[in-house]
Structures are given as structure tokens and as C-alpha cells.
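Next come the chains, spelled out residue by residue.
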Amino acid sequence: MFRFIVRRLLQLIPTLLGLSLLLFVWLHRLPGGPETALLGERGTPETRAMVRHQLGLDQPLWVQYGRFMKRLLTGDFGNSIDTKQPVMQEFFDRFPGTVELTIAALIFAIGIGIPLGYLAARRRASWLDNLSVGGSLVAVCVPIFFLGYLVKQLFAVNLGWFPPAGRQDVTINSTHVTNFYVLDGILTGEWDAAWDAIMHLVLPGLTLASVPLAIIVRITRASVLEVLGEDYVRTARAKGLTERRIRGRHILRNAMLPVVTVLGLLTGGLLSGAVLTETVFAFTGIGLFIRQSISNLDYPVLMGFIMIIALIYVLVNLLVDISYSLIDPRVRVR
Amino acid sequence: MTQLGKRKLEKLERLAELSAVNAADRGESLWREAFKRLRHNPIALIGAGILVLFILIALIGPFFVPYGIKDTRWITQVSARDNIIPGPSAQHWLGIDHNGRDEFSRMVVGAQNTLLVGVIATAIGLVFGCLLGGLSGAAYGLGGKRGRQLDNVLMRFVDMLLAMPGLLLAVSIVAILGPSLTTVMIAVGVVAVPTFARLLRGSMIAQSNAEYVVAATSLGVSRGKIAVGHILPNSVAPVIVQATLTLATAIIEVAGLSFLGLGNPDPSVPEWGTMLNDALQVFEFAPRLAAFPALAIIITALGFTLLGEAMREALDPKLRK
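Protein chains in written order, with the working numbering: chain Z, 1 to 334; chain Y, 1001 to 1321.
Isolated chain Y, as found in the complex (with noise of 0.2 Å):
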């Protein structure tokens, strides 16, 4: 080696070790430092503790419960005409219901229903949003004129879907697809759809300015892979926000639907909007039966509220100190 590029190397490292930081010093990823926030953030706390507890109960429940879903031994207990429905006992915890089947067992595989229902039907709300809203903000961002052109027309179908309140588009959908389970997952999901995919569009936009893109692109790395690779990781922050969100809207709009008479048209499968939409007929005598349900999807709900909201104050920038 020369002494001129000896030299040189010297210099070089001199310049890496000033600009070296302590290992303590260091920055921490956002995400790290977001969940650090969110563990000492009592509601956060509270969200996901009430999430455990149903997940569990979803995950484990069905295998311990004391009796049948569908089994209907003790309708000889429910008088009709008395309008007598037993209330909780050491057999039945949380009594009989008014088809004379056991609540608390019915509750318990609820659970597992209610949840998994909320779950994919955002996870169809994620992806399909997800999809539109990513090519549409890698489009607009990186995609020059054409890239517009692009974003205007994936936009307008956007539009398209918000153009009719929630509910109602969740109702045209069951109506044409026929109601049953899978419809009532497709119809809520799709209501989210939108919304995932202006957030994930315009969090994308905003990131395409930023000075690592000026950087890679100045490095000849392929627009595909900036966008999937370095403006995508960035981004999604407000879409993992909503989705929890989303979660608890979610079980709201299946019970909504349930309601309408457009949720599962087989009411012995217990789901807790299917159950209190049931239930509401007696509500009269036996309101404990609407009750139930309806706590637990308010519980759950709550929970996901909870946790979504703390995140959002975890991940804004403005909060972080």
C-alpha cells in the first residue's frame, strides 16, 4: 500500500471512530421504543390483558366446556308461557337459555367464534386495503405521471366504496353474496378496505419525500424494491394502528348485521352477535340472555379500543421524547 493510502485509511477510521456512537447512545428502532412506551402505559396494560384473557378463553374454552353447544336437554326447564328461563346455578353458571341450551357453554365457544370472525374479516379489510392503498402510494410516489394516473383510477374505486355508509355497504354485500358466515366476514372486511387503503396510500406518500428514498434511488436500487423494501417498513405503522382498531369495529358490525337479519342464518352456531340478536327477544324476561354477549362484545371491544389507542400514542412522533 502506498503512503498516500495509508494515509488516507488513517483519516477514514479517525472519522469512523469520532462518529461512532456508545452502544447506549445509540438511536432505538421505533418500534422498539414504541413498545418500551407501551409496557409502562397503563391503558395499553389493561387493553391487552383483556385480550389474553378472551384469547385464551377462545383457544382453550371449547375443550373444557361442561356441555354440548347444540344440546337442548333442558328446554323442559323454560316455560314459554310462564315465561320461565332458570338463571344461573352450580350446573349451569350462567343459566339456560331460552332454546333450553347452556349459556355459559354457548358463551365459552362464542368466543372462539366472535374473535376468529373479527379476525378475518380484518385481515380481508388488511390485505385488499393493504394491496390497493401500497400500489397506489408506490405509484403516486415513485411512479412519475403514469404512476398518477395509476393512483387516480385505484382511488376512484376507493371512493367508490366510500360512498356508502359503512352498514349499508356491509348489507348490499350479504345481500348479493346470500347471508351466511363466510358473507358476513367478506361484507365487514370489505367496509374496511377503504380505510386501510387511504392510510397506507397517504402514509406512503408522505414517506416517498423522505431523504433515505432520495438515497437509495440515488444508489440505483430498483423502485419495486424501494417501495416494498424501504418505504413499506416506514409506513405501516398506521395500518397496524387501525387494524387493531378495526378488530373492535368489527365485532360490532357482525352483531349489526346479525341484527338486521343478515348475519349467520344458523343461529345454533354460537357467536356472541348472533346470541344477543337472539336473546333480544326475551329480553323482556330474561335480560341477563342479552346481556352476556353483549358485555363480553363490549368487553372485547374495549380491549381492542384500549390497546389500538395506546399504540397510536405510543407510535406518534410528536409524543416521542
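Only chain Z is shown next, with the shape it has when bound in the complex (with noise of 0.2 Å):
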């Protein structure tokens, strides 16, 4: 086990080194360079060539290399052009919200998807089946972002059951300690906080979680359908064991090892997923945050922050293969 979480970890470093060198490319490409970046248009001559080399850019490029992976490697993104502040501070700042959202998807795909797979599997051919089949070939179809929009439309302007943008109404005055404002409202007892922010997430994370939950009652239903017709189910059967109990022991417990694999394949999807959500939700994210970089031309920030969710995104893959190994023994790790 151990060794198998060393290979893995070893195996980043080439795939890291190469995004590295794909944003410091990048880099380069920009129009004009890096110090028209930082200094917009106006910059003269003089002060361009002062930029040029205080940035080090008069260097061989494979010292500019050397320099940059130094100051990746120390967590040293640069600041924003826009807000003046360090990449890395922004990124923590607007993470939370991310997590907050992404967790609420994933309640929605997971609490929704699995019963709804179960039951369609168990229920084979019947309405609900067919309905569960057609509308995940149909979500899995449609712009998330559209769907965001018409979620909007519906349910918090022409409804007004949710409120329509952001993560927490501005006329509450509430005390953040975490930036998770569900989480800040329970610590510090301000329980109409963090209502106000549940509520906030309603809307976004049905509309994150629309894909993923497609994939989760296709995948649950497709695993369920197959354990029903082991031996061991029929066993159970015979045996005279509870409904409830074959259930719960046997059926879905060994119907949940493609589900749990799926999930750590989805998460790529929901990162992806929250740039578009957030965006039409004015949820303060990193994904709104990534939207905003691309129009103001905000570089450090948009490579910092894909550098930050790359990571992220292969360290959570090692997890759940992890995970998934320790769920089921019968996975030998090489």
C-alpha cells in the first residue's frame, strides 16, 4: 500500500513538471510578453526594459525557467494585476466557496442519483426506469450553463422561492472565521448565517450537480441490475434474510464500487462545471473569479489558479484510488 502511494506520488512530478513548463510557455506567448502584462500599454521604452530585467527577462530562458519553477515550488504566483493581491491568497480566499458548492452538488448527485438508480434498477422497465434512463441521456445533454439560467428564471425571479445570485444575503451582517459561510453560521451560532447561505446554495448546486447525477443513476442502476443476478443475492434470498437487510448487505454494498470509482472521475467535471455555475449565479468562487480573470486579461491569476486545480485535481484522483482500494480488498494494488 504504502510503496503504491510512492509510485503514485512520483508519477506527478513528470505530469506537474510538464504543466509547469506548458504555463511557462504560456507566459511567454503573451502578447508583448510578460511586462506588457504587468504594465498594460503605456509602458515606455525605459521602463519596460526596467521591468524586463528586474522580472529577469534579459536571462537565458532556461534561467527563466529555473526562476520560475523556484517560485512555484515556494507557492510564489505573483499577484493579480487586477486586485494587486498575491495569486495564492486569492485562490484561499474564494476556495471555500468552491468546496461549499461542490459539496452541495454532490449531496444532490449522491442523495438523489443513488436511490434513484436503485429504485429504477429494482423497478426495471417500469416508468420510473424509463424516465430515470431518458432524462440522465437528456441532462447530460444540456449546456449547464443554460440550465442554470432557466433554473434562475424559474425558481428565484419568477418563483422567489431562492435567492437569484451570490452566497449569503449582503444585509446579513455575519462573522466569517472559515470562508465557509454554512460552517462560519454553525461555529458561531448565527444559525440565520448560515440558513441564509444553504439556501444561497440551492440553485447552484442543483445545476452542478445535473451531470454528475446523470452519471451516478446510469451507474448505480447498470451495477445494481448486475448484482441482482449473483448467487449470493439469491442466497440471501433463500436464507430468509429481511428485505431490508439484503439490501443494505448485499446489494448495494457491492453495487457501490463503480459508483464510488465514478465519483473521483467526476470531479474534474465539477471543477469545470463550477467556472460555468458560478458564473451565472454571481457565486463569489474561484470559478467566478477564473470568468473575471479571462475578461480583465488577469494572467498570474488564471495560471496560478489552473496550476493550483491541476494539483488538486491529480492529488483528489490519488485519493480516491486509494480509497477505493481500502473499500475493496480485492483490488491488489501492483
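What the hints contain is simulated information worked out from the structure, not anything from laboratory work. Note that beta-carbon positions come from the ideal geometry of N, C-alpha and C, so glycine has one too.
Per the computed footprint, the stretches of chain Y lying under chain Z, defined by three or more beta-carbons under 8 Å from a beta-carbon of chain Z, are: (1) 1169 to 1176; (2) 1258 to 1264.
Label-pair ranges, simulated between beta-carbon atoms: (3) Leu-1056/Y / Thr-74/Z: 54 to 60 Å; (4) Leu-311/Z / Leu-1056/Y: 46 to 52 Å; (5) Leu-265/Z / Ala-1206/Y: 18 to 24 Å.
With the hints in hand, could you dock these two chains into one complex?
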């Protein structure tokens, strides 16, 4: 097990090196080079030369790459052109929002997806089965930002059940400890603040959940169908076990393995979807900030955020691999 | 011919007769069998029907559209102050868009652009993914120790592409190359490369242990020929299924890039993703302008998804009788 983890961590090194090289090339492909990104169009030749010297751009490329790597390794991604704050700080200020949104989406996707997939499999070819299979096929075809607009228009603007935008009502004066607004509200006992943050999570969470939900329904259904035909389920029935025990111990436990694997694969989709969803709902997470830095040409932010997200993404996938081998003893790690 | 030779020939002929099977009993090729199953699968038929319709619209439609796609002469009927945008009428089947252009004409021409962008993006992913995956798979399966080393290097490159969530990889590529329709196609194509590469590699490695590979090797067929002529044709089925499914996601991803401001910088060129994003500004008082391109994207993507899923089912050896 330990060797497996070490091996996987070592495999990450070339991946991340390659990514850093890509970002380095990106920085140098910018029109006018990094000094234009910093100074804008208004820099005089003298200030440009000065900035070039300060940034070490007059050095050979490999020296520059070395310095770039050194900064990356110390977690220094430079400052945002827009807000003048360090990119790292901007990231971790906004990251809790995206984590909250992603957790909300996963709660919807798992909470609805697994029971629905299970029921669809148990009542194969019923209207419920057809509806969930059909619905899951359609759900992956809807552009997520359009779904967000529809949901927002219907439930926030027309019906007024949920707030249309943001993470928390601005009129609520709440204390922020961790920047996880729901957690903050619970920690400080400001229940109205926590409740408000939860209400703000419902619509974006549902929107972001659409694709993972569809995938989980289909995987659960297929996997339960397969398990239902197994000998041990028949044996369990023959032994006279209660239906509840068969469902929990024999069917669901065995059917969950493929679902767990898929959950890891969904992280990438969730992070991509978060960029679009946060933009629709003006939800202040990393996604919205990425969208803004695209329009503001804030390259240090874009680069830094993408690098950090890639790192988180590979680590999550590693964790999923490890947990998968822990859940299923049959999976022998090489 | 000697007596012995004659007897031998007789024996051989008898053997041949015994092993020969009636034409009716002969095993059908995987593809033909899969196609047969597809033809009887209503889901495949619906998917194919949708696609044929949209492809026909894309191919023939632009010759028959009533108005020019950049013709803004109905702008006088659009009132920004009162938020009035004329809806469907006899002259304008789908109404006028917020820039005073005929929506129907733009939707039809948009079909052509959208499908073209989707197809080219998928083709980019398919070609480069298959080159990477095919080389990797062949090297791993047939190349011995050095082949495995080559495979290892190539796969680390694929891992690098996989290390970024798809949309963000596309965003980086567009940011490097600058936004244009070509860039969008490249970006969406590159996102699909690792999927194709992994799929073909896995499939080829699985095939390289098959008996026919051993047979070909013992007959002295060169390794290159085995890889291209024997293993590859037997490994492409999952890749073709994936390509069909990727066509759906490509169209959706193009729309997503438009939404992030990284689509085609010229919104006067109708492409459903661009049109959808453009229409979101007026979503509150003219939701139909967003609904038409959105529905078109959903239905087209659904067509590709249904066909792809049906193909996956048809080619699945577990389901073969």
C-alpha cells in the first residue's frame, strides 16, 4: 500500500513538470510578453527595459525557467493584475466557496442519484426506470450554464423561492471564521446566516449536480442490475433474510464500487462546471474569479489558479484510487 | 503424383469438407452483426434520425435561407427601451433577434457552423489521440522492454493533459493561442485527445495477447504490420463509440467556451453556442432567442449520445448472443 502511494506520487512529478512548462510557455506567448501584462500598453521603452531586467527576462530562457520553477515551488504565483493581491491569497479566499458549492452538488447528486438508480434497477422497465434512464441521457446534453439560467429564472425570479445570486445576503451581518459560510454560521451560532448561505447553495448546487446526477443514476442502475443476478443475492433470499438486510448488506454494498470509482472521475467535471455555474449565479468562488480574470486578461491569476486546480485535481484522483483499494480488498494494488 | 501424395490429398480434402461450414452458419463479422442489432434498436434509430435531419439542414439549408445572416435591416422593429423584440411571424418563422436579424436564417446557417466545429474538433482529438494511443499501445504490446519505456513516456504526456479539468485545459489553450473559431476547435479537440489515447491504448494492449497475434508473429509477419493490419482493426470499436459521444460533448463545450467569452470573437457568424451566449443578455424579455439555439444544441447532442450509447451496446461482446 505504502509503495503504491509513493509510486503514484512520483508519477505526479513529470506530470506537474510538464504543466509548469506549459504555463511557462504560455507566459512567454503573451502578446508583448509578461511586461505588457504588467505595465499594460502605457509602458515607455525605458520602464519596459527596467521591468524586463527586474523580472530577469534578459536572462537565458533556461535560467528564467529555473527561477519560475523556484517561485512555483515556494507557492509564489505573483500578484493579480486586477486586485494587486497575491494569487495564492486570492485563491484561498475563494476556494471555500467552490468547495461548499461542490459539496452541495455532490449531496444532491448522490442523495438523489443512488436511490433513483436503485429503484430504477429494482423496477426495471417501469415508468420510473424509463424516466430516469431517459432523463439522465437528456441531462448530459444540456449546456450547464443554460440550465442555470432556466433554474434561476424559474425558481428565483418568477417564484422567488430561492435567492438568485451570491453566496449570502449582503444585509446579513455575519462573522467569517473559515470562509465556509455554512460552517461559519454554525460555529458562531448565527443560525440565520447559516440558513441563508444554505438557501444560496440550492440553485447553483442543483445546476452543478445535473451531469454527475445523471451519471450516478446510470452507473448505480447498471451496477445494481448486475448484482441482482448474483448467486449471493439468491442465497440471501433463500436464507430468509429481510429485504432490508439484503438491500443494505448484499446489493448496495457490492453495487457501490463502480459508483465510488466514478465519483473520482466526476471531480474534473465538477470543477469545470463550477466555473460556468458560479458565473451564472454570481457565486463568489474560484470559478467566477477565473471568468473575471479571462475578461480582465489577468494572466497571473489564470495561470496560478489553473496550476493549483490541476494539483488539487491530481491529488483528489490519487485519494480516490487509494480509497478504492481500501474499500475493495479484491483490488490488489500493483 | 505418387500414390502416397494422392492419398494425402484425398485426406486433406475430406478434412476441408468436414471443417467447412454452411454459408448460413458462418460467423458474421463483428461489424455486420453490430449493425444488424443497431438497425433493430429504436434508440439508435431515433438518434440516427435526429442526426440525419440536422446534417441535411446543415448541408442543404444554407442555400434556401430566406434572408442574409448579417442582414440587420429589421433593427427598427427592435426597441431596446421598451424591450420589444418581434416574435415569430409569417415572414420571420422564428422571429427577429435582438440585433434585428432573421433568427430562422441564422439558426439554419448556425447548424452548418456548429456541426462543422464539432466534427473538426472531434477529428482533431481522434487523430492525435489515436496516434498517441496507437503508438503507445503497439509499443507496449509488441515492443518489448524499450517499447514499454516509450509507452511510459507517451503516457506521462497524456497524464499531463488529464491533469487539468477539461474546460480549464480548453481555457488555457484559447488563452495561449488567442480566441478564434479555429482556436476553439483546437482547444476542444485537445481536451478529447487523452480519452482517445487511453482508450485505443488499452484496447490494443488487450488485443495484443490474442491468439491471432501469436499466429501472425509465428508466421513471421512484421511487428508494424501486425500492429496496423491485425491489432488496430480489432481495437477501434470503443474508439468509434467514443468519437460519437465526443461529438455531443464537443458541441456543448464550444457553447461553454462562448459563455466564458472565449468563443468566436465575431458574434455575427452564427454558431449555436455563440448565439445562445449572445441571447442570454436579453434572456428576461426574449427567452426564445436563447431557447432556439439551446434546444438545437440539446437535440443534436442527444442524437449523438443516443447513437453512441446504442453503438456501445451493439458492440458489447457481453451482450452478443
